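Student: Under numbering that gives the first Met the number 0, the sequence shown has 100 at position 101, and the numbering climbs by one with no breaks.
Hints in this document: simulated from the structure, not taken from any laboratory.
Treat the numbers as computed from the prediction; the structure is a model and nothing was measured.
Note that beta-carbon positions come from the ideal geometry of N, C-alpha and C, so glycine has one too.
Relax, there's no trap hidden among the hints.
Straight-line distance between alpha carbons at most 20 Å, and here's what the computed SDA-like set of lysine to any residue pairs gives:
| hint | residue 1 | residue 2 |
| --- | --- | --- |
| 1 | Lys77 | Arg98 |
| 2 | Lys77 | Ala106 |
| 3 | Lys242 | Glu42 |
| 4 | Lys159 | Asp123 |
| 5 | Lys242 | Thr73 |
| 6 | Lys77 | Pro187 |
Computed spacing ranges between beta-carbons, pair by pair:
| hint | residue 1 | residue 2 | range |
| --- | --- | --- | --- |
| 7 | Gly41 | Ile212 | 33 to 43 Å |
| 8 | Gly41 | Glu228 | 31 to 41 Å |
| 9 | Gly69 | His100 | 26 to 36 Å |
| 10 | Asp243 | Ile162 | 41 to 51 Å |
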Amino acid sequence: MPSRPEQTPEANLAAPGAGPVVAFERVSLGYGLGPGQPPLSGEDDPRLILKNLTFQLPAGSFHFLTGPSGAGKTSLLKLIYLAQQPSGGRISLFGEAIRAHDRAQSARLRRQLGIVFQEFRLLDHLNVFDNAALPLFVHGRNPAGYRDDVTELLSWVGLKHRIHAMPELLSGGEKQRLAIARAVVTRPTLIVADEPTGSIDYAMGLRIMRLFIELNRLGATVLIATHDESLVRASGMPVLELKDGRLARRSLAKGAGG
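Let's have the full structure, built from the sequences with the hints guiding it.
Tutor: So this is what it looks like as structure tokens:
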């Protein structure tokens, strides 16, 4: 069984790479804090879901993000992939401070991101191959130059036999695997995944984890939010636990990795 998390509001980690890909400095996130609303009453204000988070994800690192339902894991990921603005504090991505409401900056930085959404977000009018290859097409790549690579990736996630199928014909697990393939097809600098194995069986989950680990070995920084403790233990990778709005480093029990 995992050991208890270290009781610290910060989770700054030893860097295996040159520097942090993600850096949070006293970042908070709350809801119902707009104009006309009362100011925050402190860190115990019930409107705060994330409280003064200070941590870094070093370049080339791999971490799991765990915590109970409703702890704010998805909200934390949204801050990282720039879908949400913090209520306070400072966020840096790839060494660049994030400027609020700067759409040009957000679009530029997102090109280095691979995002696996819980709700898949597939395009219904595109088949499996075209959904997986969409980021390459958007980046202006020649389809003739990436066809073999996309086909190989779809084979890895078990979808080669479904390459011409439309999303409406896919099972939930197949949609999940297609969403993962699309997120990693460009070999992004940072991969952020929200419950990427939630709709697939354990054996395929292990296979998907091996894909993430291989991309990490090739240089990608990876952060995976999950409830699946068995996959966490099998990987042996570091764990960040989000609880009561705070983030802590959690160590696995000796012998739990594999």
